[in-house]
Amino acid sequence: MKSKQSRKATKPVQNKVIRNKRASYDYALSDSYILGIVLNGRETKALRLGHGQLQGAYVTVKDGELWLINAQMHGTNGIPISDTDKTRTRKLLAKKREINQLITAKQQGNTLIPTDILTNGRFIKVRVAVGRGKREYDKRHSIK
Numbered sequence: 001m002k003s004k005q006s007r008k009a010t011k012p013v014q015n016k017v018i019r020n021k022r023a024s025y026d027y028a029l030s031d032s033y034i035l036g037i038v039l040n041g042r043e044t045k046a047l048r049l050g051h052g053q054l055q056g057a058y059v060t061v062k063d064g065e066l067w068l069i070n071a072q073m074h075g076t077n078g079i080p081i082s083d084t085d086k087t088r089t090r091k092l093l094a095k096k097r098e099i100n101q102l103i104t105a106k107q108q109g110n111t112l113i114p115t116d117i118l119t120n121g122r123f124i125k126v127r128v129a130v131g132r133g134k135r136e137y138d139k140r141h142s143i144k
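The sequence shown runs 1 to 144 under the numbering used here.
There could be a bad hint or two in this list.
Heads up, simulated PhoX-like pairs for lysine-lysine below, C-alpha to C-alpha not over 25 Å straight-line [stated by the list, open to error]:
{"no.": "1", "residue 1": "K21", "residue 2": "K106"}
{"no.": "2", "residue 1": "K21", "residue 2": "K45"}
{"no.": "3", "residue 1": "K96", "residue 2": "K21"}
{"no.": "4", "residue 1": "K45", "residue 2": "K16"}
{"no.": "5", "residue 1": "K91", "residue 2": "K106"}
{"no.": "6", "residue 1": "K106", "residue 2": "K45"}
{"no.": "7", "residue 1": "K86", "residue 2": "K45"}
{"no.": "8", "residue 1": "K95", "residue 2": "K125"}
{"no.": "9", "residue 1": "K62", "residue 2": "K95"}
{"no.": "10", "residue 1": "K86", "residue 2": "K21"}
{"no.": "11", "residue 1": "K106", "residue 2": "K125"}
{"no.": "12", "residue 1": "K62", "residue 2": "K106"}
{"no.": "13", "residue 1": "K62", "residue 2": "K96"}
{"no.": "14", "residue 1": "K91", "residue 2": "K16"}
{"no.": "15", "residue 1": "K86", "residue 2": "K62"}
{"no.": "16", "residue 1": "K45", "residue 2": "K125"}
{"no.": "17", "residue 1": "K106", "residue 2": "K95"}
{"no.": "18", "residue 1": "K86", "residue 2": "K16"}
{"no.": "19", "residue 1": "K86", "residue 2": "K125"}
Each pair of labels, with its calculated beta carbon distance range [unchecked claim]:
{"no.": "20", "residue 1": "N120", "residue 2": "I79", "range": "20 to 30 Å"}
{"no.": "21", "residue 1": "S30", "residue 2": "K95", "range": "16 to 26 Å"}
{"no.": "22", "residue 1": "N70", "residue 2": "I34", "range": "16 to 26 Å"}
{"no.": "23", "residue 1": "G109", "residue 2": "N77", "range": "36 to 46 Å"}
{"no.": "24", "residue 1": "D63", "residue 2": "N120", "range": "23 to 33 Å"}
{"no.": "25", "residue 1": "H141", "residue 2": "G121", "range": "24 to 34 Å"}
{"no.": "26", "residue 1": "W67", "residue 2": "D31", "range": "12 to 22 Å"}
{"no.": "27", "residue 1": "Q107", "residue 2": "L49", "range": "30 to 40 Å"}
{"no.": "28", "residue 1": "D31", "residue 2": "T89", "range": "18 to 28 Å"}
{"no.": "29", "residue 1": "I79", "residue 2": "T104", "range": "37 to 47 Å"}
{"no.": "30", "residue 1": "R132", "residue 2": "S82", "range": "27 to 37 Å"}
The hints are simulated quantities; they were obtained by calculation from the structure and are not laboratory data.
For clarity, every value in this text was computed on a predicted model and none was experimentally measured.
Even glycine gets a Cβ: it sits at the ideal position worked out from N, Cα and C.
Given the sequences, and given the hints that come with them, work out the whole structure.
This is the structure in structure tokens:
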């Protein structure tokens, strides 16, 4: 029989499934937040298998809610996703305090960029960073 210490629940490890490599090149990133995302079953399965893309995706605020726009989620062989659902707008879940901080950052002229999609146990999370667009010479400097 196992002792009580060995049966304690461990905190699930956050695994990066999809990464937006272009975000750190195009934007000067500062604060980041980990937010939940509303998905259906097919999209969840596709993301767990790594069939998605965040390049060109961004977060916007509508009616006090956060929305992920232009993130692509591709279907697998057994789980097709229609063309209209691949880039549909998805709602992000956050606490009211986090939403207010992101709205303030957006009003100051910053952009909200999704940088990673993570798995946290059975949940899928999106890491959103606050960033300001780089100029052309800044991009050249970051290459060197």
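Each hint, compared with the structure:
1. K21 with K106: 22 Å, holds
2. K21 with K45: 22 Å, holds
3. K96 with K21: Outside the cut-off at roughly 29 Å; violated.
4. K45 with K16: 15 Å, holds
5. K91 with K106: 17 Å, holds
6. K106 with K45: Not satisfied, since the Cα-Cα distance of roughly 31 Å exceeds 25 Å.
7. K86 with K45: Since the Cα atoms of K86 and K45 sit roughly 13 Å apart, the hinted pair holds (cutoff 25 Å).
8. K95 with K125: 14 Å, holds
9. K62 with K95: 15 Å, holds
10. K86 with K21: 20 Å, holds
11. K106 with K125: 21 Å, holds
12. K62 with K106: 12 Å, holds
13. K62 with K96: 14 Å, holds
14. K91 with K16: 20 Å, holds
15. K86 with K62: 21 Å, holds
16. K45 with K125: 14 Å, holds
17. K106 with K95: With a Cα-Cα distance of about 17 Å, the restraint between K106 and K95 holds, given a limit of 25 Å.
18. K86 with K16: 20 Å, holds
19. K86 with K125: 18 Å, holds
20. N120 with I79: 20 to 30 Å: 22 Å, holds
21. S30 with K95: 16 to 26 Å: 19 Å, holds
22. N70 with I34: 16 to 26 Å: Between N70 and I34, where Cβ atoms are some 20 Å apart, the hint holds.
23. G109 with N77: 36 to 46 Å: 44 Å, holds
24. D63 with N120: 23 to 33 Å: Check passed, 27 Å falls within 23 to 33 Å.
25. H141 with G121: 24 to 34 Å: 40 Å, violated
26. W67 with D31: 12 to 22 Å: With a Cβ separation near 19 Å, W67 and D31 satisfy 12 to 22 Å, so the hint holds.
27. Q107 with L49: 30 to 40 Å: About 37 Å separates the Cβ atoms of Q107 and L49, which means 30 to 40 Å holds.
28. D31 with T89: 18 to 28 Å: Holds - the Cβ-Cβ distance for D31 and T89, about 23 Å, lies within 18 to 28 Å.
29. I79 with T104: 37 to 47 Å: The hinted range 37 to 47 Å holds for I79 and T104, with Cβ atoms some 39 Å apart.
30. R132 with S82: 27 to 37 Å: 35 Å, holds
Figure legend: structure checked against the earlier numbered hints; hints not met, in rising order: 3, 6 and 25.
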